[in-house]
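Asks: Chain by chain, the residues run as shown.
Number of protein chains: 2
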Amino acid sequence: MNDTLKLIQSHRSIRSYTDQAVSAAMLDEIIRAAWRGPTSMNAQEISLVVVRDAAKRARIAEIAGGQAWIAQAPVFITLVIDFHKTCLGVGKAGQTQIIQESMEGFGVAAVDAGITLANLMTAARSQGLGIVPIGGIRRNPQAMIDLLELPPLTFPLVGLCLGHIAVDAPQKPRMDIRTFCHFERYDASSYAAAIDAYDETIMAYWQQLGRSDGITWSQNLGNSLKQVYFPEVKPVAAKQGLLNDK
Amino acid sequence: MNDTLKLIQSHRSIRSYTDQAVSAAMLDEIIRAAWRGPTSMNAQEISLVVVRDAAKRARIAEIAGGQAWIAQAPVFITLVIDFHKTCLGVGKAGQTQIIQESMEGFGVAAVDAGITLANLMTAARSQGLGIVPIGGIRRNPQAMIDLLELPPLTFPLVGLCLGHIAVDAPQKPRMDIRTFCHFERYDASSYAAAIDAYDETIMAYWQQLGRSDGITWSQNLGNSLKQVYFPEVKPVAAKQGLLNDK
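So the sequence lines, in the order shown, correspond to chains S and L. Residue -1 is where the first sequence starts when you use the working numbering, and the numbers rise one by one after that. Residue -1 is where the second sequence starts when you use the working numbering, and the numbers rise one by one after that.
Excised from the complex, chain S in its bound form (with noise of 0.2 Å):
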């Protein structure tokens, strides 16, 4: 198996860093291998906003619900949906953009965020350093397009953490992979049975690692999805032109 292969499939998430900066050469490098990423219609409506004073990330990591990796990770990177900027094309073009008011828009982009992120990941576990994506940030997504003097027509969807590891971490468990990957035509004929199995394995898990608190997997999607987790997000993208209608 190549180096990268075994890097993509040996992912964790790091929740404990040195205070140690991340070199501007390597965030270079990282951030090359996110721009060079394929976006819809070469659209690039994906930014970046790369945060490294330490106040900012104490404020991001409040913003957050109180994750402390934020602030001592030295980097933090907020993705961005970015409409201003295509805006600006077609504009020039002669035309009214639209397509942020659709659900269509809003995918794509959230795709193309998820690839760019990935990259993000990818780029920056190649040297060593370790990664934490947050989806926190949308509980308060208002707070983050104040603190990042975010425009109209813009989004901070999702952000992520990266710097040398202070600790490492053990790589969950996934369910059984037959759940994750079908041929031919979707066959959900194994799930019920892989989600008892999963249950157990995640317990054991927990068990591993001394933590009592620990939930199935089916307790914790219970909990999480049974509501709209971030309910801020629509009306606050909605606020931003985002609306998601069409």
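Worth flagging that the hints you see were computed from the coordinates, not collected in a lab. Hints should not be assumed to be uniformly reliable.
One copy or two, it doesn't matter: identical chains are merged, so the pair holds either way.
[Unchecked claim] Capping the alpha-carbon separation at 27 Å, the derived lysine-lysine pairs in DSSO-like fashion look like this: (1) Lys90 - Lys224; (2) Lys90 - Lys170; (3) Lys237 - Lys170; (4) Lys224 - Lys4; (5) Lys90 - Lys244.
Chain S is already provided as a structure; the job is to place chain L on it using the hints.
Replies: Frame of chain S, contents of chain L only:
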């Protein structure tokens, strides 16, 4: 620079494939790489459907608006938002899942699909294969649902061709990296000049390739983003139970 950085920074889309099959061992490593990627809340709400059947690939090529490389490349992978799988866990926990009715839920799943897609691409390219991501399946999502037998609470979001490269492709230039990456705060002051320069760069790129039908980035976005490019996304997603209303 390490091999992984070189690989990601050399990303390009391939639209010409040999008829050589992708070995089961190669495909397995690619799928395992994607399987190990992170998902928000560890929800594992992305499923893949791998299609190798030639008749099915020909049908997908047609659904996507006549993209010959889908019929030509030996493997096509559809990335499916899978709130059916998570719903079984939520139900097991005695709760009712409602995340699929929200913009937050759709956005998270699309980000996770993007991460999965990037890992598939990088893992395939690390083994010397070519790839091209395919958004065109959203032109007619209902036809993909029928073809892959997708149940309620799922949605076919994006696809990927992979196979052995027949004709390599040049790397498409990107807009000035300062329009992609901001430091500490968002700053669009360089955008207008960068767009003008990039429109010229893209025209020179088309000329170099002998493509007389090439248009600028701005013209391309003017044509594409003045409309909802794939208007079937919202109604078909709604029919599947992905409402985006909250």
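Asks: Next, verify each hint and record whether it holds.
Replies: Against the structure, the hints come out as follows:
1. For the homomeric pair Lys90 and Lys224, the shortest alpha-carbon distance between copies (12 Å) is at most 27 Å, but the shortest distance inside one copy (44 Å) is not.
2. Taking identical chains as interchangeable, the C-alpha atoms of Lys90 and Lys170 lie at most 27 Å apart only when they sit on different chains, with a minimum of 21 Å there against 48 Å within one chain.
3. For a Cα distance limit of 27 Å, the shortest separation of Lys237 from Lys170 qualifies neither inside one copy, at 37 Å, nor across copies, at 34 Å.
4. Taking the shortest Cα distances, Lys224 and Lys4 never come within 27 Å of each other, neither inside one copy (36 Å) nor across copies (43 Å).
5. For the identical chains of this complex, Lys90 and Lys244 are intra-copy neighbours only, at 24 Å inside a copy versus 34 Å across copies, given an alpha-carbon limit of 27 Å.
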